[in-house]
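From first to last, the protein sequence lines are chains E and L. Residue 90 in my numbering is what sits at position 81 of the first sequence, and the numbering runs on without skipping anything. Residue 424 in my numbering is what sits at position 11 of the second sequence, and the numbering runs on without skipping anything.
Incorrect hints may appear among the rest.
What the hints assert, rightly or not - Derived DMTMM-like pairs: lysine to aspartate or glutamate, alpha-carbon spacing no greater than 20 Å straight-line:
#, chain 1, residue 1, chain 2, residue 2
1, L, Lys529, E, Asp295
2, L, Lys533, E, Glu69
3, L, Lys610, E, Asp295
4, E, Lys106, E, Glu69
In case anyone wonders, no lab produced these hints; they're calculated from the structure.
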Amino acid sequence: MSSTSAPQAHPRGIFHKAGSLRAERRWALWSAYISLVVAAVIMLAPPVYMLLTSIKTSAEIADLSGNPWWVRAPTLENYLALINNPMFRGFFWNSVKVTVAVVSISMVISVLAAFALGRMRFWGSQVLATGVFLTYLVPDTLLFIPLYQIVGGLGLLDNAWGLVLVYPTLTVPFCTWIMIGYFASIPKELDEAALIDGANWLQMLTRIFIPVALPGIIAATIFAFTVSWAAFVYPTAFITSPSEMPMTIGVVSQLIRGDTFAWGQLMAGALLAALPPVIVYAFLMDYYIAGLTAGATKG
Amino acid sequence: MADGTVMIQGAPGSVANSSFRRFARRRSTIAFLMTLPLILVIGGLVAWPAGYAIYLSMLNRRMTQFIGLTNFEILLESDSFRMVIFQSVFFAVTAVILKALIGFWLAHMLHHLPTKGQRKWRGMLLVPWVIPPALSTLGWWWMFDPSYSSINWLLAIFAVPSVPWLGEPWWARISVIIVNVWYGAPFFMIMYLAALKSVPEQLYEAAAIDGATSSQRLRYVTLPMMRNIISITVLFSLIVTFANYDIVRVLTNGGPRDLTHVFASYAFQVGILAGNIPRGAAVSLFMFPILGVIAFFVLRGINRRNREEA
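If we strip away everything but chain E, and leave its shape as in the complex, we get (with noise of 0.2 Å):
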């Protein structure tokens, strides 16, 4: 920040015209400064008060003369209690459960579906590249009713296995359409080499797009596991019974129970929730934005 504002300081009493560019400059990013501070304590301050919240006991919550923004007596009882708790245990495997499955599932699905769509085109290959365009804007609040009499007829609803079944439709159309994009950017030559040197279509997929293609797959991965660890449509239509429910719901649902709340559990419960998003997003962070942009730019 500091090694900006020095050289833009002294050459002005030299170039007067150049004055009032520099002085624009150094105004846009005070301004810049400004906003994106004020933005910032906007964008943090929620997650930051839930955290605040979870770490006070029950009695300084419910005290209403304090500073609500400042903890006095910190505590960790709240995450013990959770911890300790074999019902939001529960959640979290059930959670980790369906989302490795629903992960690999959609991987293995898309990568193979990029593949065949973007590289060995065929009858109707672009028709069904819109398609999967299409269904990536069709919103779960549409689907979810007839979801619900279908899983239901499969004898799937309160089961998590239901889960697995139909997160796929939030995944896939998505996943295949950021790998059709990175497997459109690898350059032919690479696989004319392969052909002539005598590799299969399996071979080429596995020794030559995968591995070039890795950023690409880790986006498409990171974007799969955010979605399916943070459903929630899904499973408050599907799962009534605790045994079977994931963490986002069962947080929501579990945690709210009569009319005092536990607020200081409550908070804990989500940000327990939301911690494996947060620390795969604080890794994976330019894969993560990859991903998001790569729908726009490079569809």
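Starting from the structure of chain E, add chain L where the hints point.
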């Protein structure tokens, strides 16, 4: 395009022709087999349910009798459903406009920063998008709580009277919009930032030489170059916001007095909670024409962008 590759590879002679044809047939068979799981997912879990929803919506409550369009008629005649239509449109349009403006502003501000500092700010500002919305909305719900509201506590410092965030219909509508804008604006910011970075620097230099002011540069260089991405992002977000469910469910659950229901939450209440599945299907089908129109424009924007890049 398929014809083009066949021509080139088939050119060497007719001797290789029959074996090549077998190869091509094999290739398309393999390709079809590789796409089959995708076709099954799209056909079985999207296309079929969509058609099934239309059939379901024409049944009576106990799903024993075909009653045509009666469900749609009943819905259109009821005041509470008209309120749902109004609220959905109001919510989606207001929230998307705010998200687009705030996102554009933030992207622009980020773009001014030296590249090294951008990463850190971008990382912080994207946090709302990363937390699953159902969970961050819980935090907002707690911040809006009538007796413990921490926002009202902050407002009280500036001597602003406390606001009945979720208790009064218009405030509840505004609260839902606030949370949605908070959650969605970072997405716009990231999309616009990527687009801003793709505008060639020479254009700005040329504009500066021609004596363009910063607002003219924005008006005649940045906006035309970003037009496509802006429209794609806005339309896409319109679909997602229109179909939003989690925020309304957690924050207000449709209240007070069912005045903040949007299509999705009302469909859930009617279809799953009240057990009238055909009418719930009819409610969610009302989204279909609107989404169809938007999807058409998204697709047109993307095709146009592909042609520009080609």
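How the hints compare with the structure:
A C-alpha spacing of about 14 Å is found between L/Lys529 and E/Asp295, which places the hinted pair at or below 20 Å, so the restraint holds. The straight-line distance between the Cα atoms of L/Lys533 and E/Glu69 is roughly 34 Å, outside the 20 Å bound, and the hint therefore fails. Taking the CA atoms of L/Lys610 and E/Asp295, the gap is about 15 Å. The hint holds against a cut of 20 Å. Between the alpha carbons of E/Lys106 and E/Glu69 the distance comes to roughly 37 Å, so the proposed pair goes past 20 Å and is violated.
Consistency with the previously given hints fails for numbers 2 and 4, ordered from lowest to highest.
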